[in-house]
Amino acid sequence: MSDLNYFVTCPKGLEYLLEDELRTFGMDPVRNAPAGVWANGSLESGYRACLWSRLANRVILHLADVDATSDDQMLGGVTDLAWQDHIPVDGSFRVNFVGQNEAIRNTQYGAQRVKDGIVDRLRSASGQRPSVDAKSPDVTVSARLNRGKLSVGIELSGDSLHKRGYRTEKGAAPLKENLAAALLVRCGWPEIAKAGGDFIDPMCGSGTLVIEAAMMALDLAPGRKRERFGFERWLGHQPDLWLALRQEAEKRAYEGKQGIAGRMPLFVGFDQDRGVIQTARNNLQRAGLESIVKVEQRAIDDFARDEDWAGTGLVLVNPPYGERLSERKKLGKLYRSLGEAVKTALPGWRLGVFTGAPEYGKSIGLRSYKQYRLFNGKLPAQLLLFNVDDVSSMTPREPDVPGEVSPRIANEERAAMLRNRLKKNLKTVGQWARKQGIDCYRLYDADMPEFALAIDIYDGRVHVQEYAAPKTVDERSARERLAEALAVIPEAIGVDREDMVCKQRQRQTGTSQYEKQAASGEFFNVHEHGCVLKVNLRDYLDTGLFLDHRPVRHWIQQHAAGKRFLNLFCYTGAATVHAAVGGATRSLSLDMSKTYVNWAEENLALNGADASYHRVEQADCLAWLAARPSTDQRFDLIFMDPPTFSNSARMAGVLDIQKDHGRLIQQAMQRLTSEGLLIFSTNFRRFRLDESLEAEFAVEEVTRDTLDRDFERNARIHRCWHIRHNL
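Just so we're aligned, residue 1 is where the sequence shown starts under the numbering used here, counting upward by one.
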């Protein structure tokens, strides 16, 4: 068994660290997957991963990929596998089943069908068959369903490898052991230890970080204290090989405890809670480190340097996150105290802070030189690294800048509701958008009253707009819920946090809709019904593309061939692009903003439109419409989507769409050919069309036909009419 295939799982975000670690066991990583690494290797390398991996959760020996587009197909594929090579007929097994598809919608049912297939294969002529044992089976079968394939394997590790065997008691919010090990690797602890440095955790809780630091520095195998592994009663197990690896691990442990270069590093943990310090001592005893690691009750305000500490080392701490608002008020002082303590006592050391409230890093009084985004369970968190020196020193600052909200989950049940809704919408609306060839769509629009947000997808990026809360809603509650949404959205949708932008929508007046919100210059192209459009999620209130008007633009594209097109209040010219792509012979697009005029010109150029036939001009549309039409201002198709209100100094007057729309429509109709069409749209929710227009023109409201599936829940997002001359 020298050429085996493994899938080694790990916490999300640790895949690249795990890949490097697996190489040290003799494995050859093939590819990374979410929360795991595929690798090839020998049985020995699999055993080494079980015994020595500090980062993995499970080591799965991959057996086969089974077709699973139907129930019967999956059952047949599982039955065909050579289970007699893995599970004793008089033994026991269990199935860990994850995933679902159209055929298998329930994990319990999926597990049952896999069990049926195994039993059918192993049932002997006498009727003997292995039993199912959910608690302590001889063999655990892994079955992972993804779309039409079932990945089947044997869990060599048994229970998750983060369970080292030393921690049966826990502090208030314990880190998992493999996450703690990952933090140590990211901090460079192995190199610091080899250079003679010491380790200190001033808020050690139940001692996980300081125990993992000692095990890593002293070359103690994480699996030494585990009572059982999943391969021990597996039929492919090689006891002699495993015994040799265990003996090697004991030899390395003995040598490691002799010290590094003749000196044993110091491992010290402090905590102000007497009870949790006792838990840490109990964990140390089970780990066999009670004589090596020192823990004692000491508050951060009493932190002071001991004489025997080395001149260099690592301080790594996982301080409270402040999940409740009352707790958050204390975080600034706590982080300042931490910064003052290390700057006073440990110059020349390195400081690592793993926190779910990374904005409080500003309170430490040091500039972070590196930040790693990770998860503590489902909570998003960051590891901040600092050098404790004068160069990195800065004035501590409070993080609570008005309007700045950091991702944080205060109510897991409420956050789970949003997470589930987003995943459901991604499956339904997202699938619809992909079939339509649409890059940009609305995923969520205040579906739940607790989260008053509009969440839009722009080709893998996320644009979040928070609707301003009414005065009856407590501001702190609104910020707390927004913080939860910002924590949930990247995980639920599967995007990096850097690809998410959040803004607050409020009533805009004057030119405020045109003013820059930022200056990132981050433009990128998206596609819509064969058109290329430039968008920017960060720098303006809007993105350059009104998603709700997608059906209107598509209709224009389908009916523009051979026509002269006029786009009033054109914004970035997206409707004109559709007209040009659809075969309009010429077009004129007008907008008051020079920014958007330039943007519209670039959009047209992206789609190969001839600028001599498709002109964009900066103009006050009110004044342009009020002027007498020239002979060349006759159009077959006109689109007009004015702002609800505008009082810009560059305009000839004030625009109030409810009061002024009748005049604007009449003026636009003067430029429309006898058989032409004016498309008029507004997003003013209380809008009422002037009845006199219906007497003068042929007016048809087409709002229902201009709402795509992603705006079905918000039928009032806009209203739209087709207006023609009476013939």
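Note that these hints are calculated values from the structure, not bench results.
Errors might be hidden in some of the hints.
Claimed, not checked - Okay, derived cross-link-like pairs now, DSSO-like style, lysine-lysine, Cα gap no bigger than 27 angstroms in a straight line:
(1) K257 / K149
(2) K343 / K12
(3) K225 / K257
(4) K343 / K378
(5) K115 / K194
(6) K194 / K370
(7) K333 / K12
(8) K435 / K149
(9) K135 / K194
(10) K135 / K163
(11) K370 / K427
(12) K257 / K176
(13) K176 / K427
(14) K503 / K378
(15) K330 / K343
(16) K343 / K194
(17) K194 / K257
(18) K423 / K163
(19) K333 / K370
(20) K378 / K435
(21) K149 / K330
(22) K12 / K294
(23) K163 / K225
(24) K135 / K257
(25) K163 / K294
(26) K115 / K135
(27) K149 / K194
(28) K251 / K330
(29) K424 / K330
(30) K424 / K378
Cross-check of the supplied hints:
About 47 angstroms separates the Cα atoms of K257 and K149, which puts this hinted pair outside 27 angstroms; it is violated. Of the pairs offered as hints, the one joining K343 and K12 is violated, with about 33 angstroms between alpha carbons and a cut-off of 27 angstroms exceeded. In summary, the hint linking K225 to K257 is supported, as the alpha carbons are separated by about 16 angstroms, within the 27 angstroms threshold. The hinted pair formed by K343 and K378 fails the criterion: a straight-line CA distance of about 32 angstroms is larger than 27 angstroms.
Of the supplied pair hints, the one linking K115 and K194 is violated, its CA atoms being roughly 49 angstroms apart against a limit of 27 angstroms. Between the alpha carbons of K194 and K370 the distance comes to roughly 22 angstroms, so the proposed pair stays at or under 27 angstroms and holds. Proximity of K333 to K12 is assessed by CA-CA distance (about 31 angstroms); at most 27 angstroms being required, the pair is judged violated. With a C-alpha separation of about 22 angstroms, the suggested pairing of K435 with K149 holds against the 27 angstroms cut-off.
Restraint check: the Cα-Cα separation between K135 and K194 comes to about 42 angstroms, which exceeds 27 angstroms; the hinted pair is violated. For the hint pairing K135 with K163, the CA-to-CA distance comes to about 16 angstroms; that is within 27 angstroms, so the pair holds. About 36 angstroms separates the Cα atoms of K370 and K427, which puts this hinted pair outside 27 angstroms; it is violated. For a cut-off of 27 angstroms, the pair hint linking K257 to K176 stands: about 24 angstroms separates their Cα positions.
Restraint check: the Cα-Cα separation between K176 and K427 comes to about 31 angstroms, which exceeds 27 angstroms; the hinted pair is violated. With a CA separation close to 24 angstroms, the supplied pair K503 and K378 stays within the 27 angstroms bound. For the given pair, K330 sits about 20 angstroms from K343 by alpha-carbon distance, which is consistent with the 27 angstroms threshold. Our distance criterion of 27 angstroms between C-alpha atoms is met by K343 and K194, whose separation comes to about 23 angstroms.
Of the supplied pair hints, the one linking K194 and K257 holds, its CA atoms being roughly 13 angstroms apart against a limit of 27 angstroms. In summary, the hint linking K423 to K163 is not supported, as the alpha carbons are separated by about 30 angstroms, beyond the 27 angstroms threshold. Note on K333 and K370: the hinted pairing holds, with a Cα-Cα distance of about 23 angstroms set against a maximum of 27 angstroms. A threshold of 27 angstroms between alpha carbons decides the hint, and for K378 with K435 the separation of about 31 angstroms lies outside it, so the pair is violated.
Using a Cα cut-off of 27 angstroms, the hinted pair K149 and K330 is violated, with the two alpha carbons roughly 50 angstroms apart. With a CA separation close to 31 angstroms, the supplied pair K12 and K294 exceeds the 27 angstroms bound. The hinted pair formed by K163 and K225 meets the criterion: a straight-line CA distance of about 9 angstroms does not exceed 27 angstroms. For the proposed pair K135 and K257, the alpha carbon gap of about 36 angstroms is over 27 angstroms, so the pair is violated.
Between the alpha carbons of K163 and K294 the distance comes to roughly 22 angstroms, so the proposed pair stays at or under 27 angstroms and holds. A threshold of 27 angstroms between alpha carbons decides the hint, and for K115 with K135 the separation of about 15 angstroms falls inside it, so the pair holds. A threshold of 27 angstroms between alpha carbons decides the hint, and for K149 with K194 the separation of about 46 angstroms lies outside it, so the pair is violated. In summary, the hint linking K251 to K330 is not supported, as the alpha carbons are separated by about 47 angstroms, beyond the 27 angstroms threshold.
Restraint check for K424 and K330: the C-alpha separation of about 38 angstroms exceeds 27 angstroms, so the hint is violated. Proximity of K424 to K378 is assessed by CA-CA distance (about 18 angstroms); at most 27 angstroms being required, the pair is judged to hold.
Comparing the model with each numbered hint stated earlier shows that hints 1, 2, 4, 5, 7, 9, 11, 13, 18, 20, 21, 22, 24, 27, 28, 29 do not hold.
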